[in-house]
Each structure stands twice: as structure tokens, then as C-alpha cells.
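Chains as they are written, first to last, in the working numbering: chain A, 1 to 183; chain B, 184 to 677; chain C, 678 to 1036.
In case anyone wonders, no lab produced these hints; they're calculated from the structure. Ideal placement from N, C-alpha and C gives every residue a C-beta, glycine not left out. Please note that the accuracy of each hint is not assured.
[To be verified] Subject to a maximum C-alpha distance of 25 Å in a straight line, what follows is the list of computed SDA-like cross-link-like pairs (lysine to any residue): (1) B:Lys586 x A:Asp89; (2) C:Lys743 x B:Asp575; (3) B:Lys423 x B:Gly613; (4) B:Lys199 x B:Phe498; (5) B:Lys574 x A:Pro180; (6) A:Lys172 x B:Phe498; (7) C:Lys680 x A:Ser77; (8) B:Lys464 x B:His238; (9) B:Lys288 x B:Pro277; (10) B:Lys624 x A:Gly47; (11) B:Lys288 x B:Val232; (12) B:Lys586 x B:Asp545; (13) B:Lys464 x B:Glu673; (14) B:Lys624 x A:Pro180; (15) B:Lys576 x A:Gln56; (16) B:Lys423 x B:Asn338; (17) B:Lys573 x A:Gln56.
[To be verified] Not the full set, but computed from the structure, chain A residues with beta-carbon under 8 Å of chain B: (18) Gly43; (19) Lys76; (20) Ser77; (21) Arg85; (22) Asp124; (23) Gly128; (24) Lys131; (25) Asn142; (26) Asn171; (27) Ile176; (28) Leu181.
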Amino acid sequence: MIEGISTMAILGFTLGLFLALAARFLKVEADPVVDDITAMLPGSNCGQCGFAGCGQAAEAVAEGSVSLDICPPGGKSLIENLAARLGVDWDFSNSATNTAPMLAYVQEATCIGCTRCFKACPTDAIIGAPKQMHSVIDSACNGCTLCVDVCPTECLQMVEVQTTLTNWRWNKPLPISQLPLAA
Amino acid sequence: MPKLRIRGGVHPQERKLTSEITITRVPTPERLYMPLKQHIGAPAAPDKVIDEIVHKGQIIARAQGNVSANIHAPCSGYLEQITDWAAPHPSGLPTRTMVLVNDGKELRDEVSTPVNPLFLRPEVIAERVSQSGIVGLGGATFPSAVKLTLGQSRNTPVLIINGCECEPYLTCDDRLMQERTQTVMDGIQLLAQALYGPQTIIAIEKNKPEAIEAMELACRDFGNIEVMPVPTRYPMGSEKQLIEYITGRQVPVGKLSADIGVTLHNIATAYAISQAVRHGKPLTHRIVTVAGGAVKRPGNYEVPIGMLISDLLAFCGLKEEPQRILMGGPMMGQALPHADIPITKGCNGVLAMSRAEIGARDEHPCIRCASCVDACPMGLSPLTMAALLKKDKLDNAVNIGLKDCILCGSCSFACPSAIPLVHYFNYGKGELLVRAQQQQKDDEIKRLIQGRQLRMARLEKEKEEMVAKRMQAIAKRKAAEKAAAEQNSEKEVA
Amino acid sequence: MLKPPSSPHISGFTSVPVIMILVVLSLLPGTMLGIYQFGWPALFLFLITVTSAILFESICLKISGKPVRIYCMDFSALLTGWLLAMTLPPWAPWWIGVLGSFCAIVIGKQIFGGIGQNVFNPAMLARTILLVSFPLEMTTWIAPRPFGSAGAPDLAAGWSITSIGIPDLDAVSSASALGHLRTELGRGQLLPDILAPVYDPIASAIGTINGSLGETSAVLFLLGGLFLIYKRIITWHIPASMLATVALMALIFSRIDPNHYAGPLFHLLGGGLMLGAFYIATDPVTSPVSSVGKIIFGTGCGLLLFIIRTWGNYPEGVAFSILLMNAATPLIDHYIKPRIYGHPGSGIGAFLRRQKQDS
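Using the sequences plus the hints, can you model the full thing?
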């Protein structure tokens, strides 16, 4: 009996010592997931995801409590980057991210030149001056909708990007089940 | 040191039904529609204004930048409008197009022609080619002058003239070699002269014996120009495959053929170069094969660039409503949504296909028979790439060679399950572009956001500093006033 | 976005039903000889197996809601049932055929996701399940009794054999050449003495020996396989490497010890090797995609086959060796990729660089 107790005791002590040493010397640093994700998000704090800012959204994404397609201005490439970083698979076929990105557009007939929109725009995509016509620069607009919220005459709208010869793409071929049978 | 055959490839039915039909000149229609971008590179900028009179052969749009091409008027008349017209593209989306109205008079300006073009300096030849707006007429539409200058700078020792015409139905290069042999030969000599006299090989597929004979006869007297008959296999005429077949070397990935000492030009480009350099005629017309089951009078036609396909088909006659209208050959050509689309510099065939020729088949699941792997001339594994693209695994597909795919169509042709492999690869390449564009925009947006935040912070800080300064100034003034008041009161007392 | 049709706009003349029909046609001579050899019971078993394969396929397609016209009319179920029937003992009872078809179609193919998705060859999977579950019925071999010969059963007797069972088993059953060889070697006999009474190369080649339908005529299946290679339905890589490996191994070992190891001709003609090499190992769904991969696959099959036949517990190893190599196919496909034009290709360095690219 005494051999049994002492053997188990020595075993337990030795293994516990190994564990303690491993915890000390082989420790894995916590990876800065949240920081990486924050860097990937646009950073315009538009609020379309439901969180106050991109920082909070990054934490939620890192936790896994929200799905990856939560940020509309990020588009498809953001989802791909997030999926790659978090090591998860994302199935594009059934999510709503296949809708085209939206851009802000000023209806010039109803613009009063109040300057509220370009003060709100986080990317300086709206040009204008007090009492002058405002206009949106498409290449700088990422669809955060902050300008639409503050416009007093509601002349700002979100419109879909027009398909031109330069941004037309081939569609994905339909799966067999959705194809009509040849005659 | 030619190999036995190219890797992979398929042998579709050749259907060279128009190979015996002589070239017919098509009368210029009432209107010509000239897109500003008919070449690889930046679109040309219009050089004429609305209602300006235009003579045949004048420049109507100028090349912009290093990789671009001029566009010339194929007829005389005036410029009616510069508008958005359907582009020669499967989507039919509009592109900026100049519309010329033909006055039928064929007025032409005087041009100076060299006495002996074969003694011109290579740079001068390249300059004339550049002025004449000549692009690769095999379909690639790369500006030929840029290719020439590249070849000159690398001093390429081998010049290959591509007379293969491996696509079914197309016979325009065949007839060009048979009927206008001397002009073609002249163009080849000019190209050789422009490249400092390289070894010139004219590659012609073996299913064109008359063309081979005609060209062999023509280059009999030239020491370093020879005709090489090549096996009839699709895609023999593809630049990479032809170079490997003839020289035994492959063009390394990411490099150009000039980097391994080879310059390759299409035979129709050689013809156009002779017309331009010797006769001063810029690129305004080209030979087009009109074929397909729905055409009444198929044949090879010399059409003015800018003629609408509907006008050309009306000239050739249609037996029935075509099932599909193709621009180019049936393997790599693009299906057009309707016929009111202009013929551009790169269009070497107009096919009005009947229902029987298209042959609709049901798609089956992939049985991994590897016919596509055997057929792929680039050595890819199409079935694996398509399976990955089906699941949107774009990076994996790129890793096994999506970017190397030349979209030749051999895999789809060979597939017994009728899987649209090339469609998957077109989709995949499109997704790559979208991703690159989106990434670029994301980086730009981030830069703008950060720039704005820095600017706001800086403005805030400046405002605070201004306020602090003013407070200081006020306090100083107040203190000075107080001191002055005290001094005054002291004076009064004293 | 507009959805225009993509290039190419023409296609070749092959299609999946055509391929399957051609394979079936090339199997026909060997099958007819086998049925002729074993009489009515063999015919009944064959028909029952094939019919139940097609039936199970239709039921599965109906359940999974796939269009029957495309999926069933591609004749792949017919081919699977046919190949399975070729590997069964000709006088086996009917429920072996039905159960085998069930295992092949439902377990071996449809559960994986239908055609093109299975990892293992369905016919071989079914045969192995049956062999392990019903060893007695699956190893009951009959000496050939061709139609019209002395001991051949007539229609009614044939039907009763298939439906009920062989009436006098001990009187008719006889071991196949491989089985006999294994048993006698195990009892310490020497090779020449064992083979002399049972083994006749000519008969083995033509097919007047006992065994399953597919083990009979090596020559006919060889010819059928060559026909398929000529028609480009299969490539030469797998059959050539498989047969060459078996022959080479047999040659080496029979030279070392002729008393205990049979020679190459015996191995090539015996068992279901010809059928397996040309029809079963070359199944496109379960074999590698690249030419080098196919050669590795064939070599592996041949090696495993020889090992199992010589030192393994079972006398015949075609099914096992093919199943084992099927499991290795995804691995082979992952590591052996064809060389892409323009990419550096030759040498170990380039090979290793290519492996870094994941798939």
C-alpha cells in the first residue's frame, strides 16, 4: 500500500511540475485578433452593423457572436479577409452580400447647400461649400450612409453602382438542378 | 527543333467550308460605328468634332499614352455624333463610339509613300506602323508598333508569322495567303527589316495546302524566311503553344515572348503593315469570314471597320433566324446579344450559328474522366479548378493555376458531361478582378478616413491653441490695463 | 447582370451515356462467354443484379429529387450492376445479387452524393461487403457447365438454383485455381504438383475455367480493354502499370523459388486481374487525374494484389487492392499535379515548390 501511495504521489508531483514549467516557458501569446480585425474594417464608424463603432464590431466578430457579413461597406473582400483571419469557411451562395454595393448620390434639384453632409462624411467623399451644390465622388464613397442620415432635405439617396463595360463580370454558372433541360 | 505535337489540344471538326471562296469586297454602308477602344490599352481620344468633314484614311481618334492605337476613317463623309453604342462584348453594354456618315465619294488625302520601303530604318517602319493604327489582327488587338519596338529593343532573333488559323470555320487568313501573297510577303519582309533581319518562320497549319504552296513559292528567294507546316490541332495558333512547338522553349510565366527572343505577328497584321508602309493606307478594312448554318452566302469578305454586323449579315443573306451570333471563331469567340454591333479591328469572323450547330446538351455531374486534363494545352487540371470555383474557393483555384488559363475552350470541348468549364474560369477571373478592385478601394477608403481623422485632430488642436492664445492675450491686456489703472490712481494721489 | 452564353460554342461528340454504353459493349463478349459457361443460373443472377442496380438507382434519385432523365439515363447504374455481376459466383442465390446491388448503388455511390462523388469503386465495395458477410456463398465456385453439356441445368433447374440454392453443393463445387493454389500451398505441397492437375494456360486465357463470370476469359477482357483504350475512354497508364507490376513481381519471385511462387502468366491469367485492370481500376471517379498519378495508382494496385495473393489471407486480392488504392487517390491527386506551361518544372526543387501550392 505504501508503495502505491508514494508512486502516485511522486507521479502527480512530477507531472504537476512539468505543467508548471510548460505554462511558464512554453506559453503561447494571445494573438491580437481584435486588432487585426479592426484594421480590416473600414473604420468609418457608420453604425450599419448595429454597433457604435468599428472597434466594438471587431470585438463582436472576434468573439464569434455576429456573422461575418455584418458590414455592408466592407463588401465581399472584407468577408474573405475575415474568414481567412479567423480560419472559418464562408459560404457565399446564400448570403445577402451578393447585392451590389451602394453609393451615395445627391439629387441636385433639392440640394440646398447646407454643408451638413460633407461634414459628416468620414472619407471626404462629398465636395461642396456653403450655398454651393454638393456632389459625391464615387471612388471615395464606401456606402456608410452617414450623410443620408443628416441631410435635411433628403436629397441624398443610396443608389446601386451602375454596370458598365469596365465593371461587368461573368456570372457564376448555375448548378445542374437549376438548369432547364435541353429539348 | 520542332516537337511532334503540342501538349493536349483537341481536334474539332474543321468546317472550313469557305476556304475556296475568293475575297469579296463589301460596299461601305451608310453609317460606320467606330468604338474608341478597339485595341488593348487606353482608348483613343476623338480628333474630329461633330459635323466635321472626314476624308477616307484620316485619323479620327488619336492614341493616348504608350499602349494605344490611332483610329482612321474607312470612308469619307462627316462625323455625325460621338455616342454610347453597344460594344462588341457579350454583355452588349455601351461604349463610346464615333458615328461616321458615308457620303459615298471615297475622297482621300494625298499621302507620301516611300520609294523603297525595304530600305527604311527599323524605327521609321515602327513609326509608320504606329501612325497607321495597326493592331494584332488575329484577335488579340495588341498595338503592333509597341510589339515591334519591344522586339527591336530585345533584338529578338526569331520572328514567327502566325498563319495557323486553328479555329473552325475561319478562312480569312487562308484566302489572304492564297490571293494576296505578294503583299503578305512584302509585309513579312518589312517586319523582318524592322527587327534587324531575324530568322523568319511562317507557320501554317497542314490543312491549308494551297496556302502553304503559295507562301513557299513566294519565299523561295529569301534565305532566312521559310514556311513551316504545323499539325492541325486546336489551339495551334495560340501564341504560347506555337512558340513552344517551333522553338522548343516555353514562355516563362509572367514574361513576354520577346524575353525568350521571339516576336510573333499574325499574317493579316503583316498584310496590313505592307499596305500601311508601302502604300500609305492606314488600317481601315479587314477580311472577315462570314459563315455558319444560318448564312445564305457564306464567304470571306473585305469589310470596312465599323460596319454593323446586321448590315454585313444583310449583305450575305440569312436563311433563318440564327440561334447565336458569334464574333470570332466558335471556340474562343464571344456570343453577341444582337447584331447591331460594329465590326472592329480584332473581329476575324462573324458566325451566324443554326440551332443544329450549337447543339444544346444537358449538363451531367463531373465523372472525373480527366479528358479535360488531357486536353488542356497549358497543363492545368480544369476539373479541380472548376470544383473549387463552384465552392468559391478562389485562392485554392489560383494556387493550381487559374491565372495561367488562356480560356481556349479545349477542356469544355472535350468534356463528356458538358460542364461549362470555361464559364467557371471566366467567372473566377472576374472574381479576382473584383477582389483586386475592392481591395484597392478599401485601402483608399482607409487612407481617406485616417487622413480626415488626422486633419480633424489637427484642426481641433489649432483651435485650442488659438483659444489659449487669445485667453492669454486677453489676460495680458487685462493685467496691463489693471497696472495702468493703478499707476494712474497713484499719480492722481501724488 | 446579363447572362450571355460562354465560349466555346461547339463541343466534341462524347457524352456520358455514350461512354457507358461503349464500356458495356466491350464487356459483352466476355460476359456472354461466361454466361454460356455457367448456364441458366448465371443468366438469372446477372439479370437480377443489373435490374436491381437500376431499380435502386431510380429510387435513390427519386428520393433526392434529381432529374431522372439526366442521372439515370446515363447508364452508370447499368455498368455498376454489370461489373458487380461479373464478380459474383455464377450460381449464387438471387439475394446475393440484390444485396450486392444495394451495397454498390446506395452505400457505394448515392450516399456519397451520387455519381462522381464516391471515394471507393461501388462494385468492389459491394463485393467486399458480401465476401466478408457471406463467405460461404461468395466462395462457392462451380466447374463450368456450358449450355447443352452433360451437367448443365435446364431452365427450371437453373431458376431453382438461383432462387433457392444449389441442391447438391458438395457434388458440384470446385475451387478456383487461385483458391486451390492457396489451400495446397498452405498444406505444404510444392507448386508444380499443385498446378499440374488444375492449371491449363490456354483454358485460362480463353475462359473455360471456373470462377466468377469475370474471372473466366482473360483474353476477351484484354481485347475489350484494348478497344476502350483505342476509343480513348480509358488511358493505357493504369492497366499497363498494374499488369506490369504483377508480372514483374511474379517473375522475380518465381525465379527465386519456383516451388512456392507461381509464374507471371499464371497470375496474369488467373482471377479477375484482367477485368480488374481494364474495367475496375480504371474507373475514372476513383482513380487519379494525372498520368503520373495513374501510373502510381496502377503500380500500387499491382503490388498490393501480388502481396495479398501470395502472403495474405485471401486467395484473390483484386477487390481489396483496388479499394486500398482508391483510398489513396485523393492523396495522389494532391501531390502529383501536372506541370503548368511556363512554370519551372524539372527537378526535385521544382517538384517540391509545386507541392507548396495547396489545393
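Hint by hint, here is what the structure shows:
no.: 1; hint: B:Lys586 x A:Asp89; verdict: 23 Å, holds
no.: 2; hint: C:Lys743 x B:Asp575; verdict: 23 Å, holds
no.: 3; hint: B:Lys423 x B:Gly613; verdict: 22 Å, holds
no.: 4; hint: B:Lys199 x B:Phe498; verdict: 21 Å, holds
no.: 5; hint: B:Lys574 x A:Pro180; verdict: 21 Å, holds
no.: 6; hint: A:Lys172 x B:Phe498; verdict: 37 Å, violated
no.: 7; hint: C:Lys680 x A:Ser77; verdict: 23 Å, holds
no.: 8; hint: B:Lys464 x B:His238; verdict: 12 Å, holds
no.: 9; hint: B:Lys288 x B:Pro277; verdict: 30 Å, violated
no.: 10; hint: B:Lys624 x A:Gly47; verdict: 20 Å, holds
no.: 11; hint: B:Lys288 x B:Val232; verdict: 20 Å, holds
no.: 12; hint: B:Lys586 x B:Asp545; verdict: 28 Å, violated
no.: 13; hint: B:Lys464 x B:Glu673; verdict: 103 Å, violated
no.: 14; hint: B:Lys624 x A:Pro180; verdict: 38 Å, violated
no.: 15; hint: B:Lys576 x A:Gln56; verdict: 29 Å, violated
no.: 16; hint: B:Lys423 x B:Asn338; verdict: 19 Å, holds
no.: 17; hint: B:Lys573 x A:Gln56; verdict: 34 Å, violated
no.: 18; hint: Gly43; verdict: 5 Å, holds
no.: 19; hint: Lys76; verdict: 7 Å, holds
no.: 20; hint: Ser77; verdict: 4 Å, holds
no.: 21; hint: Arg85; verdict: 13 Å, violated
no.: 22; hint: Asp124; verdict: 5 Å, holds
no.: 23; hint: Gly128; verdict: 15 Å, violated
no.: 24; hint: Lys131; verdict: 22 Å, violated
no.: 25; hint: Asn142; verdict: 5 Å, holds
no.: 26; hint: Asn171; verdict: 7 Å, holds
no.: 27; hint: Ile176; verdict: 5 Å, holds
no.: 28; hint: Leu181; verdict: 6 Å, holds
Checked against the numbered hints given earlier, this structure breaks hints 6, 9, 12, 13, 14, 15, 17, 21, 23, 24; the rest are met.
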